[in-house]
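Participant: Letter by letter, the chains look like this.
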Amino acid sequence: MQAVHNIYIHILVMGAVSYLIRVLPLTLIKKEITNRYVKSFLFYVPYVTLAVMTFPAIIEATQSPVSGALALAAGIILSLIGANLIQVAGACCAVVFISELIIGKIV
Amino acid sequence: MTESNKKAFREGFRDGIPIGLGYLAVAFSLGITARVSGLNWLQAFIASATSYASAGEYAGFTVIGSGGSYAEMALMILVANCRYLLMSAALSQRLSADMPYYHRFLLATHVTDEIFGINISRPGKLVPAYDYAAFLASGPAWAVGTAVGVLAGNILPDRVVSALSVALFGMFIAIIIPPAKKNRVIAGLVLVSFALSFACGRIPYVREMSSGVRIIILTVIIAAAAAVLFPVKDEEKEDAGGA
Numbered sequence: 001m002q003a004v005h006n007i008y009i010h011i012l013v014m015g016a017v018s019y020l021i022r023v024l025p026l027t028l029i030k031k032e033i034t035n036r037y038v039k040s041f042l043f044y045v046p047y048v049t050l051a052v053m054t055f056p057a058i059i060e061a062t063q064s065p066v067s068g069a070l071a072l073a074a075g076i077i078l079s080l081i082g083a084n085l086i087q088v089a090g091a092c093c094a095v096v097f098i099s100e101l102i103i104g105k106i107v
Numbered sequence: 108m109t110e111s112n113k114k115a116f117r118e119g120f121r122d123g124i125p126i127g128l129g130y131l132a133v134a135f136s137l138g139i140t141a142r143v144s145g146l147n148w149l150q151a152f153i154a155s156a157t158s159y160a161s162a163g164e165y166a167g168f169t170v171i172g173s174g175g176s177y178a179e180m181a182l183m184i185l186v187a188n189c190r191y192l193l194m195s196a197a198l199s200q201r202l203s204a205d206m207p208y209y210h211r212f213l214l215a216t217h218v219t220d221e222i223f224g225i226n227i228s229r230p231g232k233l234v235p236a237y238d239y240a241a242f243l244a245s246g247p248a249w250a251v252g253t254a255v256g257v258l259a260g261n262i263l264p265d266r267v268v269s270a271l272s273v274a275l276f277g278m279f280i281a282i283i284i285p286p287a288k289k290n291r292v293i294a295g296l297v298l299v300s301f302a303l304s305f306a307c308g309r310i311p312y313v314r315e316m317s318s319g320v321r322i323i324i325l326t327v328i329i330a331a332a333a334a335v336l337f338p339v340k341d342e343e344k345e346d347a348g349g350a
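Line by line, the protein sequences are chains A and B.
Under the numbering used here, the first residue of the first sequence is numbered 1, with each subsequent residue one higher.
Under the numbering used here, the first residue of the second sequence is numbered 108, with each subsequent residue one higher.
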């Protein structure tokens, strides 16, 4: 029983929630949040959610899971040695492209 | 415009251009996800112009692709964009107390990792002219890049699409790994998140949940456990924040 949802309403919900998240702190916060646990929770959420979204999705997005895994490894190593966001993103693409060329030759 | 505002505007535009170039590539990758989720180029363009968020839009597109409800969408965006809540809260401390509300409403349209980063790296109070110029130089690239990603995703060979589809994940990696290097708790959390996310995709019953619901539940459980076990001190928060 899957309801049919309108994509434009989905987009409206996306935009509205995204805006509320940004505008409320900018207009309402006059003091800093003081509860230590709330602050800690908010501090950890971004890292956890990005990590959850990255893996295993990165090995499922590519034609071969091997190339996705190699891109993940390359991205982590480059980030550790201080490469910036664009360099890491570009390198991940290059790793997938080259490794899939090689895999394509072998198979 | 005053002389100092003109100078700030020029600086903002200059700093925004490299950000826009990066956005083009990542937005293109996001457009590929949008296409797979069933959006056309116009819908992807509108989504990027109004939401202006990489992880949030990616998460939102997966909700659309999996036939999720509007409530699931709202919750998903709240979780995926939670870091913008933090960044806006941090930014609120850098606004002068007498800043008019229309500036606050405008600033809120485009708080992203990069725009936040360049604003926060400037000393003193936030200068709206600087922020607006940086947004003008980089924002349009985001929406256009997403639309082009949808269109070109149909034309490009599978191998090229496969390669470009990881740009977004590369960006996520570049956001989470540098703080993980400095903070052992974050490093541990990243590993735990990878492991549980992988396991939940395979465990019977759990794997039946849509990926959107899985992301929300895992994020809340893992981050809440971490907050109880390893509450942060204020200094750590300052160090790891940023773009």
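Keep in mind that a hint or two might mislead.
[What the hints assert, rightly or not] Each pair of labels, with its calculated beta carbon distance range:
id, chain 1, residue 1, chain 2, residue 2, range
1, B, 207, A, 65, 48 to 56 Å
2, A, 103, B, 216, 37 to 45 Å
3, B, 264, A, 20, 21 to 29 Å
4, A, 38, B, 294, 36 to 44 Å
Please keep in mind that the hints were generated in silico from the structure rather than gathered at the bench.
Keep in mind the model is a prediction, meaning the values are calculated, not measured.
Note that the Cβ used here is the ideal one computed from N, Cα and C, for glycine as well.
Participant: All hints are to be evaluated individually against the structure, with a verdict given for each.
Facilitator: Hint-by-hint comparison with the structure:
{"no.": "1", "hint": "B:207 x A:65: 48 to 56 Å", "in the structure": "53 Å, holds"}
{"no.": "2", "hint": "A:103 x B:216: 37 to 45 Å", "in the structure": "43 Å, holds"}
{"no.": "3", "hint": "B:264 x A:20: 21 to 29 Å", "in the structure": "41 Å, violated"}
{"no.": "4", "hint": "A:38 x B:294: 36 to 44 Å", "in the structure": "23 Å, violated"}
Hint violations for this structure: numbers 3, 4, all remaining hints satisfied.
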